[in-house]
Amino acid sequence: MIEVLAQSAIDDLTSNFWVSLGLKTVIVLGFFLSVPLVVGYMEHKVLAHMQARLGPMEAGAFHGWAQLIADGVKFIQKEDVVPTAADSTVFSLAPAVAMIPYIVTLVVLPLGPTAWALDLDVGIFFVLAMSSVGVIGVLMAGWASANKFSLIGALRAAAQLIAYELPLVLAAAAIVMQSATMSLVGIAEAQSNYWFVLSQPIGFVIFMMATVAELTRPPFDMPVADSEIIFGAYTEYTGLKFAFFLLAEYGGIVVMSGIASVLYLGAYQALPGLSFLPPPLWSMGKIFALAFIIVWLRATYPRLREDQLQRFAWIALTPLALAQILVVAVVKVAVR
Amino acid sequence: MVQPQIDRGIGQGLVKGLSVTLRTMLRPAVTVQYPHVKPDLPARTRGVIALKEENCTVCYKCSRECPDWCIYIDAHKEAHEPAGGGRARSAKILDRFAIDFALCMYCGICVEVCPFDALFWSPEFEYAEYDIAKMTHEMDRLDEWTYTVLPPPPLEVGAEETPS
Chain A
0 MIEVLAQSAI DDLTSNFWVS LGLKTVIVLG FFLSVPLVVG YMEHKVLAHM
50 QARLGPMEAG AFHGWAQLIA DGVKFIQKED VVPTAADSTV FSLAPAVAMI
100 PYIVTLVVLP LGPTAWALDL DVGIFFVLAM SSVGVIGVLM AGWASANKFS
150 LIGALRAAAQ LIAYELPLVL AAAAIVMQSA TMSLVGIAEA QSNYWFVLSQ
200 PIGFVIFMMA TVAELTRPPF DMPVADSEII FGAYTEYTGL KFAFFLLAEY
250 GGIVVMSGIA SVLYLGAYQA LPGLSFLPPP LWSMGKIFAL AFIIVWLRAT
300 YPRLREDQLQ RFAWIALTPL ALAQILVVAV VKVAVR
Chain B
4 MVQPQIDRGI GQGLVKGLSV TLRTMLRPAV TVQYPHVKPD LPARTRGVIA
54 LKEENCTVCY KCSRECPDWC IYIDAHKEAH EPAGGGRARS AKILDRFAID
104 FALCMYCGIC VEVCPFDALF WSPEFEYAEY DIAKMTHEMD RLDEWTYTVL
154 PPPPLEVGAE ETPS
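In order, the protein sequences belong to chains A and B. Taking the working numbering, the leading residue of the first sequence gets 0, the next gets one more, and so forth. Taking the working numbering, the leading residue of the second sequence gets 4, the next gets one more, and so forth.
Simulated from the structure, these hints should not be mistaken for lab results. Even for Gly, the Cβ is constructed at its ideal location relative to N, Cα and C. Where hints are given, some of them may not hold.
Now the in silico label distances, taken between C-beta atoms and shown as ranges [stated by the list, open to error]:
{"no.": "1", "chain 1": "A", "residue 1": "Arg52", "chain 2": "B", "residue 2": "Leu106", "range": "28 to 36 Å"}
{"no.": "2", "chain 1": "A", "residue 1": "Glu78", "chain 2": "B", "residue 2": "Arg26", "range": "39 to 47 Å"}
{"no.": "3", "chain 1": "A", "residue 1": "Ile26", "chain 2": "B", "residue 2": "Val23", "range": "38 to 46 Å"}
{"no.": "4", "chain 1": "B", "residue 1": "Tyr109", "chain 2": "A", "residue 2": "Arg52", "range": "20 to 28 Å"}
{"no.": "5", "chain 1": "A", "residue 1": "Phe291", "chain 2": "B", "residue 2": "Glu115", "range": "49 to 57 Å"}
{"no.": "6", "chain 1": "A", "residue 1": "Thr83", "chain 2": "B", "residue 2": "Ser22", "range": "45 to 53 Å"}
Covered stretches of chain B (chain A as the covering partner; in silico rule of three or more C-beta atoms under 8 Å from a C-beta of chain A) [unchecked claim]:
{"no.": "7", "stretch": "32-44"}
{"no.": "8", "stretch": "146-154"}
Make the full structure from the sequences, and use the hints.
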């Protein structure tokens, strides 16, 4: 009797709009502030071991697990420098503009058949629109810094994001055509029989490449090419603002890996015979596997030149993505 | 003449690169966790320059050959009467011998030029200080470092023994 009452009380409480809104906000923020740190630590360690090193070993006593927390504390302590010539309002606003889109994107990311904050009908559209807002933050940072390296970096980032947004959207469009829904939960549900990576392997490769380019990660890291333009748009940033840009980068890895896992790897759908593992574990496993691949690419490939990068997007990826859409459309109509 | 056949499929190099990094990751790292684990250095490591004080004749060769003038030598002359009579003989007595390791560039010229085997390469290496002025190490410290110097290697077969 008491349990039933307690259960109904909990149901009443969570069905209250404001309570559930607050809970979801806390969970999404907590996710955004913790999982990217795990990915960042993984990058430290994986990158180190791929170079026959150990990586952080001291912070937190056990294999340097607290390294990123220590880094965060360090960033907080640093002086917050705003260059004299900088446009200080825009300069200070830029890290938030770069970071918030990824937090917002997390809202529609399904981690289990019932574990999502919001099931938008236009989920994938919302995600792609939000992920391209981040570049405005980079442009703002580059322009407001009043630094030539920052400006070059920001313009490179803008050019790169425009170039790679197209194959990204086209690859996602092919998935939308196959699953006949734009809702991320719907796309995940549509893969209960088989993952879309099996029917659209080329699309998966295009999407992952475009994702790496979107995040300006190596080998597509021309916008922050340290040997040429110091650190691109982030050159003038210090302390907490710089930490926000870093958080946006690692949050971006988590979010884009999450989106890729929803589109191609069936999100929380288990492999046949392994469905005894809970769905959120599958989601997180796939996100970390894709994040590992992104780190792996960084450890392996040298940076592309700016012209190679643009040519690769416009001559290779975009036509390939268009061809993929064509094939998917033809098959879709023929099968029906 | 047979041309070496270059037959690489598209992306084969890319896959090879990925396999290299993955294999490196799965192998144990070569890093030595230094403060926790002492490095396994060769016995004749050139870690620091040590001084065997008794062998020094204060000839100043080392300090004059030193390219960056990091060797400090102070000495005075003492005269003493020989036991069998005759004129007084003077000898140089070493008062101070110090090497400023903040300046030293470990060229080893002093060790080479020392005519009386007073300077040695020692495998010690843990003499860092928090103050640059403390990097000038004095005689007593330089002498301690000789304890870990190995005896010279045996002469080559057929080499002429120097009369001792």
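Hint check results:
no.	hint	in the structure
1	Arg52(A) with Leu106(B): 28 to 36 Å	holds, 32 Å
2	Glu78(A) with Arg26(B): 39 to 47 Å	holds, 43 Å
3	Ile26(A) with Val23(B): 38 to 46 Å	holds, 40 Å
4	Tyr109(B) with Arg52(A): 20 to 28 Å	holds, 26 Å
5	Phe291(A) with Glu115(B): 49 to 57 Å	holds, 53 Å
6	Thr83(A) with Ser22(B): 45 to 53 Å	holds, 50 Å
7	32-44	holds (count 4)
8	146-154	violated (count 0)
Checked against the numbered hints above, the structure violates only hint 8.
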